[in-house]
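Asks: Starting from the known structure of chain A, arrange chains B and C with the ligands on it as the hints suggest.
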Amino acid sequence: MFDESTLDANAVAGELEVLFAVEMTAVVGKCAHCGNEAAVGTLRAYVNAPGVVLRCSICGEVVIAWAWTPTGGRVDRSGASWLGQPSGAAPSAAAPSEA
Amino acid sequence: MGDRFVSRGFVGRRPDSGGDTASRIPPGQYLTDDFPVLSAGPTPRIPLDTWEFTIDGLVSQPVRWSWAEFQALPAREWTVDISCVTKWTKLDTRWRGVSIDDLLAAADLDPRAQFLVAHSYGGYTTNLPLGEALNGQAFVAYEYGGAPLEPAHGGPARLVVPHLYLWKSAKWVRGLHLVERDEPGFWESLGYHNRGDPWREERYSGD
Amino acid sequence: MPPEPLVWQIATVSAIRGETERASSFTLSLPAWRPHRAGQHYDVRLTAADGYQAQRSYSIASPPAHTGVVDLTIERIPDGEVSPYFHDVLEVGDLVEVRGPIGGYFVWEPALGGPLLLVAGGSGVVPLMAMIRQRAAAGDTTPTTLLYSARDVDDLIYRDELDALAGDGLRVLPTLTRAHPPGWTGYARRVDEPMLAEVLAALGPDPLVYACGPTLLVETVAAGLVNLGVPPDRVRTERFGPSN
Ligand SMILES: Cc1cc2nc3c(=O)[nH]c(=O)nc-3n(C[C@H](O)[C@H](O)[C@H](O)COP(=O)(O)OP(=O)(O)OC[C@H]3O[C@@H](n4cnc5c(N)ncnc54)[C@H](O)[C@@H]3O)c2cc1C
Ligand SMILES: [Zn+2]
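Protein chains in written order, with this note's numbering: chain A, 648 to 746; chain B, 5 to 211; chain C, 121 to 364.
Chain A extracted, bound-state conformation (with noise of 0.2 Å):
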């Protein structure tokens, strides 16, 4: 489904974490397309274009795309149903440090 032009969600975890204004990758998110539940860590990012488009790693289809423009940023996320915790969620490796 994914070709090398490919990266991971981690590659623009900095334009995220401008754009939410918090780190996003360790979030969790749910697919709208095939309701998949995972980090947005695991999306794929597809950053050779005007914009950054992530899709999910199991159906394909776009979870979240922002665009730059000189006024700012602007993110659609109508592919994720939701993004935050997870529901009964157990402290895992995606929960964020103490530090």
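Treat the hints as calculated values from the structure; they're not laboratory data.
Do not take every clue at face value.
With a Cα cut of at most 25 Å, we get these calculated DMTMM-like pairs of lysine to aspartate or glutamate [said to hold, decoys possible]:
no.	chain 1	residue 1	chain 2	residue 2
1	A	Lys677	C	Glu339
2	A	Lys677	C	Asp353
3	B	Lys91	C	Asp199
4	B	Lys94	B	Glu73
5	B	Lys91	B	Asp38
6	B	Lys91	A	Glu651
Replies: Just chains B and C with the ligands now, kept in the frame of chain A:
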């Protein structure tokens, strides 16, 4: 914000700014001989025996062509300059394909149709007023440089609208949907200019 | 406490150290240094006089305990735009614009446990080295295997330090894809599923995996591990992009 930081000795990998072809390079663009590959997703591989192209929406009868039928449509060659909003311009690109005029002539357009939305394998969309697509201004290409259009560059077939930034030239195009009211496409919705004329530097909405 | 916003800052190159023929480590002194986690990276932005910019990400090689500075280890890509600038232009005392530390998913700290399988291709070893260094600095004994693919012995970044750190539950398994010295007993091929199976079998059940490097290698590792029954949520990947 104060003075901008400059990296000592950094030039970047930019080809020249044109020399005697400078007058053909829109403002803010750099000339390249490469053909950079930009994409919002993985490159779809569409077998020709399942490929199809449709025209629907505000038409009296939707049209659908198979690959063989599409090849039988009147085709011609275009040699055009193309500009990407990521700032590269490539001169004298040579394509073969079918004009939008010829494609739309096959569908009986409803007079209310004012805009088209090009949609692609892989889900990409981009919008154009009909006035930007007709009169030989745009075409659906299936050959580039005398060879079948490579998947990385949008093959089997892509829209080419050379007078607008290249995000309007939808790769892997599979159809045109005719509408009465303008509907922003993928990048237009994210803040790129609705029209995208490189000579007016219409990069972002509001430019 | 609200997080501090991620902003660009101007770092000073305070040391440059050759690691291999193609890779060097650059120590950056940061005016607004922040503690980092092993596996995180910095974004680097170069700006030409006319405003043209190029931006890339580089993993932090140094462990979090080194305050005020970060080490980036950068491989020189011959046709590259940014990595040759580091190797051919930058000198000690030069300024570089960076922001970081960045990322919260591709990170490891001793509390996350293991057993830990680290799979690296080329410069993909850099963030994994930060994990290994932190593990050592913390006196942690999580069973850890580094499977490290490189062209030949001289291309192995941090070779001496890895030799020194091996033991205490750390196994270092290089695999050499182009050339290997006479008498070489280690792996001598690209990482593949049988290799992963062998390494996993020796490591023990329920491993936590970090794979980093060229996209094709990471793809092979991720697919191989799924075939071998490792749950996808135990595998974290960092693709550096295509290599040619
Ligand atoms: C999160 C993250 C962390 C990273 N950490 C590091 C790090 O610690 N150290 C490091 O050296 N790099 C790291 N990279 C890769 C780095 O960001 C750049 O991609 C790399 O330095 C190439 O940039 P460039 O401008 O020199 O080459 P570009 O101008 O971007 O590329 C030139 C050509 O070289 C090819 N190419 C790119 N990378 C390679 C490669 N590795 N081998 C062969 N061909 C290649 C490209 O496909 C392209 O065709 C990281 C990438 C990511 C996403
Ligand atoms: Zn999905």
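Asks: B:Lys91 and B:Asp38: Cα distance at most 25 Å?
Replies: Holds: B:Lys91 and B:Asp38 sit about 13 Å apart, inside 25 Å.
Asks: Can the restraint linking A:Lys677 and C:Asp353 be considered satisfied, given a maximum Cα separation of 25 Å?
Replies: 15 Å, holds
Asks: Quick one, are A:Lys677 and C:Glu339 close enough, alpha carbons at most 25 Å?
Replies: Within the cut-off at roughly 23 Å; holds.
Asks: Taking only the CA atoms, is the gap from B:Lys91 to A:Glu651 under or equal to 25 Å?
Replies: Holds, because 24 Å separates the two Cα atoms, which is no more than 25 Å.
Asks: Are the Cα positions of B:Lys94 and B:Glu73 separated by 25 Å at most?
Replies: 31 Å, violated
Asks: Is the Cα-Cα distance between B:Lys91 and C:Asp199 25 Å or less?
Replies: 20 Å, holds
Violation of the numbered hints given earlier is confined to hint 4; every other hint is satisfied by the structure.
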